[in-house]
Every structure is written in structure tokens, then in C-alpha cells.
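Peer 1: Those protein sequences? They're chains X and A, same order as listed.
Residue 789 is where the first sequence starts when you use the working numbering, and the numbers rise one by one after that.
Residue 789 is where the second sequence starts when you use the working numbering, and the numbers rise one by one after that.
Take the hints with a grain of salt, since some may be wrong.
The list treats identical chains as interchangeable, and a pair is accepted whether it falls inside one copy or across any two copies.
The list that follows gives simulated cross-link-like pairs (lysine to aspartate or glutamate, EDC-like), each with its CA atoms no further than 20 Å apart [to be verified]:
(1) K828 - E847
(2) K790 - E847
(3) K798 - D838
(4) K852 - E814
(5) K790 - E814
(6) K843 - D803
(7) K798 - E833
(8) K790 - D803
(9) K843 - E814
(10) K828 - D803
(11) K828 - E860
Since the hints were made in silico from the structure, they are not lab data.
Number of protein chains: 2
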Amino acid sequence: MKARVIVTLKNGVLDPQGQAIEGSLEGLGFAGVQSVRQGKVFDVELSGADSVTAKAELERMCEKLLANTVIENYAVEIID
Amino acid sequence: MKARVIVTLKNGVLDPQGQAIEGSLEGLGFAGVQSVRQGKVFDVELSGADSVTAKAELERMCEKLLANTVIENYAVEIID
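Isolated chain X (complex conformation) (with noise of 0.2 Å):
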């Protein structure tokens, strides 16, 4: 089974490296860009069938190794 994992800043947490990036955009005349903010994705395969007990275990996976919870969120969606 395929699942997706994407961790993002919370809200009013600080991105230097989005804002480094939104920037680089700029001096690359892009214009428009009103902000950037940079997060994580993990594709993970994992074995067994059942899509409600992978879900349940791709979200002890980012309580515990993916996201800091306490700055992060996380969304998890299973592929196939």
C-alpha cells in the first residue's frame, strides 16, 4: 500500500527558508508571488491491505518520527 504523508508549517510559524525562497523568485522575475512556505512530503509503502489500519499507523508515525506537532501539521492520504 502507497500512502502520501505532507507535513506543513502551522499557521504563524516563522519560514525563513520560504521566505529565502520567495526572494530567489523575485530576483528571478517572477513576479506575484505573494508568499512561500515550505513543508515535507513522504511517500511510504507500506505492507498489509487494510487502508483504515495504515492510516491509523502513518498517523502514530508522525506523532511520534514525521512532524513536530507542536510546530507542524500533518495530513495523510492513502495512494493505493
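Got chain X sorted already, so can you dock chain A onto it with the hints?
Peer 2: For chain A alone, coordinates are given in the frame of chain X:
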């Protein structure tokens, strides 16, 4: 207009960071993790209301800055 850009490593490109995460998950007792690949996500806010233009602009940003197209794929998704 809000958009999400997802940049992932191409198949066959080594991902030591993903492998380290996979090892850590196993160490934490998560059985059944077959592979982990890490990528990046960029949440971009653009001025302008035309989604076709925005998508083309974001693809140019990927080609120029956001992705290393030698080793990475990108996907652009307009959110609203």
C-alpha cells in the same frame, strides 16, 4: 490564488534521508514499512486569478528554481 508544488526524487535516485527515516521507523517498532522517500512541498500564493497562467508560471518556477529536474520530478496543483 493558492497552489501546491510537490517535488519528489525520480525513481532510481538514491534517497539516504528516506532510508534513515525508514530505519528510525523500524527502530520505533513500526513493522511493515517497505520504503520511505522524502520530497519537498511548496505552498505558493500568487496574485492574479487565471489558473492556467498561474500553472504555467509555477512550472517555470520549478524548472528554474524549485526542482532540480535532473534528479527530481515536480507536480503543480492549483488549490483555489
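Peer 1: Each hint should be assessed against the structure and marked as holding or not.
Peer 2: Hints and how they fare:
1. In the homo-oligomer, the alpha carbons of K828 and E847 lie at most 20 Å apart both inside one protomer (15 Å) and across protomers (19 Å), since each shortest distance falls under that limit.
2. Proximity of K790 to E847 under the C-alpha cut-off of 20 Å is restricted to the intra-copy arrangement: shortest distance 14 Å within a copy versus 26 Å between copies.
3. Within a single copy, K798 and D838 get their C-alpha atoms no closer than 30 Å, and across copies no closer than 27 Å, so neither meets the 20 Å cut-off.
4. In this assembly of identical chains, the alpha carbons of K852 and E814 lie at most 20 Å apart only when taken from different copies (12 Å versus 37 Å within one copy).
5. In this assembly of identical chains, K790 and E814 lie within 20 Å of each other by CA distance solely across copies; the values are 17 Å between and 36 Å within a copy.
6. Taking the shortest Cα distances, K843 and D803 never come within 20 Å of each other, neither inside one copy (28 Å) nor across copies (23 Å).
7. For the identical chains of this complex, K798 and E833 are inter-copy neighbours only, at 16 Å across copies versus 26 Å inside a copy, given an alpha-carbon limit of 20 Å.
8. Taking the closest pair of Cα atoms, K790 and D803 come within 20 Å of each other only across two copies (17 Å); inside a single copy the shortest separation is 29 Å, beyond that limit.
9. Within a single copy, K843 and E814 get their C-alpha atoms only as close as 39 Å, which misses the 20 Å cut-off; across copies the closest is 17 Å, which meets it.
10. For a Cα distance limit of 20 Å, the shortest separation of K828 from D803 qualifies both inside one copy, at 13 Å, and across copies, at 14 Å.
11. Both within a single protomer and between protomers do K828 and E860 lie at most 20 Å apart by alpha-carbon distance, with minima of 10 Å and 14 Å respectively.
Going through the hint list in order, the structure does not satisfy hints 3 and 6.
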